[in-house]
Structure formats: structure tokens, C-alpha cells
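Chemist: Full structure from sequences and hints, please.
Just so you know, the protein sequences line up as chains A and B, in that order.
Okay, so the first sequence: first residue is 1 according to my numbering, each after it adds one.
Okay, so the second sequence: first residue is 1 according to my numbering, each after it adds one.
Derived by calculation from the structure, the hints in this document are not laboratory data.
Simulated crosslink set (SDA-like; lysine to any residue; CA at most 20 Å straight-line): (1) B:Lys125 <-> A:Met153; (2) B:Lys125 <-> A:Thr182; (3) B:Lys125 <-> A:Pro178; (4) A:Lys150 <-> B:Tyr135.
A quick note: this is a predicted structure, and the numbers were derived from the prediction, not measured.
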Amino acid sequence: MTTPTAKPTVATVWLDGCSGCHMSLMDLDERLITLAGLVDVLHSPVVDQKQFPPQVDLTLVEGAVSSEEDLHKALIIRARSKLVVALGDCAVTGNVPAMRNYFDRSDLFDRAYVENAQEPTTPEERRVVLPVVGVPPLRPHATALHEVIKVDMFLPGCPPPADAIWYLLTEILAGRTPVTTTVSRFGK
Amino acid sequence: MNTPVDITTESITLQIDDKDVSCRKGETVLQVARENGIDIPTLCYMEGLTVWGGCRLCMVEIAGSPKLQAACATVCMEGMNICTKSPRLENYRRMIVELLFAERNHVCSVCVSNGHCELQSMAVKLGIDHVRFAYRFPHLEVDNSHDRMRMDHNRCILCSRCVRVCAEVEGAHTKDIKGRGVLAAIIHDLDQNWGESSTCTSCGKCVNICPTGALTHRGTAVGEMTKKTTFLPYLTLMREAQL
Numbered sequence: 001m002t003t004p005t006a007k008p009t010v011a012t013v014w015l016d017g018c019s020g021c022h023m024s025l026m027d028l029d030e031r032l033i034t035l036a037g038l039v040d041v042l043h044s045p046v047v048d049q050k051q052f053p054p055q056v057d058l059t060l061v062e063g064a065v066s067s068e069e070d071l072h073k074a075l076i077i078r079a080r081s082k083l084v085v086a087l088g089d090c091a092v093t094g095n096v097p098a099m100r101n102y103f104d105r106s107d108l109f110d111r112a113y114v115e116n117a118q119e120p121t122t123p124e125e126r127r128v129v130l131p132v133v134g135v136p137p138l139r140p141h142a143t144a145l146h147e148v149i150k151v152d153m154f155l156p157g158c159p160p161p162a163d164a165i166w167y168l169l170t171e172i173l174a175g176r177t178p179v180t181t182t183v184s185r186f187g188k
Numbered sequence: 001m002n003t004p005v006d007i008t009t010e011s012i013t014l015q016i017d018d019k020d021v022s023c024r025k026g027e028t029v030l031q032v033a034r035e036n037g038i039d040i041p042t043l044c045y046m047e048g049l050t051v052w053g054g055c056r057l058c059m060v061e062i063a064g065s066p067k068l069q070a071a072c073a074t075v076c077m078e079g080m081n082i083c084t085k086s087p088r089l090e091n092y093r094r095m096i097v098e099l100l101f102a103e104r105n106h107v108c109s110v111c112v113s114n115g116h117c118e119l120q121s122m123a124v125k126l127g128i129d130h131v132r133f134a135y136r137f138p139h140l141e142v143d144n145s146h147d148r149m150r151m152d153h154n155r156c157i158l159c160s161r162c163v164r165v166c167a168e169v170e171g172a173h174t175k176d177i178k179g180r181g182v183l184a185a186i187i188h189d190l191d192q193n194w195g196e197s198s199t200c201t202s203c204g205k206c207v208n209i210c211p212t213g214a215l216t217h218r219g220t221a222v223g224e225m226t227k228k229t230t231f232l233p234y235l236t237l238m239r240e241a242q243l
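Modeler: Structure, rendered in C-alpha cells:
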């Protein structure tokens, strides 16, 4: 898709995360304007483009792979991106979304939709109205992105600081491989 | 208390990372390396406690030996030629720390020790930006029964520093390790709740010596738990002065 004169294309995706990594991306502040001059953002929660583009140079992925939809998206991202970066602890380690992994899924649903719910009145009735239509099924475990697709680079942090994201992007655009542990770490 | 054998006044010479160093007979490779400004990473080693040799991060290569040796538990010998940094060692050290992360639930972002954790900083030191092994996600308990302290088995790396400080410095030996392999766990007395222990003096040494968020003060929120280990060299020095 890219011609030699065109700017590199970038996508950002939000899987099972809190959007904090995207907030941190927004925290680039005035550097966002510089960034807009350097790359074309084709697809992102902050861009009005619903479908993942046929081909991008770089995709930043926030969030763990938690549902079948997340897995589906991850496979598309991998197939259509030259470079995939796991952005933040959820994509890198599973982090908070993976804290459900210690429990069985049926216990989780019970907790959310039966034990902690008010309506309908009886637990038996609540069990019948579990939301299953039109929502993606949860996978047994929420996992790190690299457990389902090949990931080229990792930027840990919860969220990774804006400076770390800027370092990552500018290093990649300069054709270098960023050493992300110099700017962030698990839990930062 | 620090070394496997007694330190004598006899002097020996050896090479560490191509640097000629001398030491007293009986000193360990780790001690001599650190005395000479050569950094070898450790997690279970603690000056003032007996050598455990459990974390295996201090493994070094010794010329003429096909096996790697734990620097903390290897006594220096005349003419030894030791290598503390090599691609092979760095690879193993990375693997060890990654396996520690994969074995239990170290969710740094919500841990009380976030930012003050030796496991976390070890990952940074070794350049670990992700874990290549599948996480196990075991279901582990948090012992909240003590009125001042908390044991979170999710964060424990079984370095045994708490067991040793309790037995060797406090003299209570409330803590110990049960089980084998991934089923191993820190226990109090006869595997009772910490709060029901009749031997615990509530001194808090175990909390301060713990490298991670496994042993913490109660009432701490994310990132609030800082540890103070300065008491240990002081107590050791005072005891040695009394002997």
C-alpha cells in the first residue's frame, strides 16, 4: 500500500484493556502534532475507520486476548501488519484481565450475573438470563498477545509512560530497534 | 554465617572476568566479585544470612569445569578463572527470572510493592520486556490472619530469605517451606494461619527482607510498600562484636 514517498502507516487497537495505554498515547500532547506529520494513522479507537485496513506498517496493540473476538482481531492484525507491538502490560503479560484466570469461567459469570445482580428476583431466574447472544464468548484464559500471534516488540508498563511510547515510535521510525526496558518496566 | 566454610587469614589469588583479584581463603566467589566491583545478580542471597543457593541467578562459569556453579556457594580456590558474564549465563538468568514470573501471579501493576520490588528491578536489569513461557495462573491464597502483616503467596518466589531471617536472626523459626516444586509454599508453624502462630514474635524482619510483595505490612496500597534491610548488617555486626 505504501509508496516510497508515502508516510509509514500506523494502526492502534484496543483489546481487553482499560484504554489507559491509549490515554498515555494521548499524553504525547504537542508531540501528537509532530507524529501526525510523520505517520498516517489509518485505524484506531480515536480514528473513524471501523475496519482494520488491508495493510499497515506498524500496529500498536493494547490489551490482553480475552475473548474469541480479541483472538479474531489479533489474527487479522498479524496478517495485515508488518510490525506488531504489544503496548502495555495487558498485551505483554495479561496483567489485570488475566487475574480472572485463577477462576473457572462459570464461577465468574455466577459472580457477575447471579451473585452480584439484583434483577430478576431469584438466582435461578438470573441464571437463565446470562448474556450469551451478540457478545463474544470469553476464552478460558485471558492471555498475553504473544501467546496467540508473533509479536515483534514489547513495551511493558501500566500504562507505558508517554515518553516511553514516544521513544518507541521515534526509534522505529528511525529504523532502529528500541530497547524498551530502558524506558519502562512491568507495572510502571 | 555468610560462607560455607570458615574464612582464614591465608591469601589466595584468582581471576574474575580477566581481572586479577586476591582474597582470603574461605571467601566465596560472590563475595570476592562484589568486593572488586563486579556485579553478579542474586535474589536469594542476603549478606548476614546463611547461603541458600536457591535462585541460581549467580551462576558463573569456571574454566576447566563443564558445570555452572552458584557464586554464592562456591569457595574461591587458588588460580581459579571465573567468568560472570557470557551469552550463555545471560540467557539462563533471563530464563530463570521469566520462569519466576510465569510460575505465580506477579501482577506488578496492582502489587503493593510496585516500584520497590527486587524481582521487578531484576527484570529491568536483565532486559526482560516479556515472558516467553506460558503463565501458569495458579489459584493461591492470601494469608490475612496476622493483625499487622500479610502473606501473599501469589507474589512469593520461594527465595527463603524470610525463613532464614526468622530462624537465624530472630531465632523464632516460625516460617518454613512445605512441599516440592511448584507446590512448595511458605508455612507458619505446622502449616497454620500466620495469625494463629504461637512462635511468631511479630518482629517484622521477614516483611523487610522479602524481595517482592509476598510479605507486606497490612494497610498498604499499590506501590506503597517499601522495605528496609539495613537492620540486618547492623544486627550481624553487633552479634559478631559480642562473640
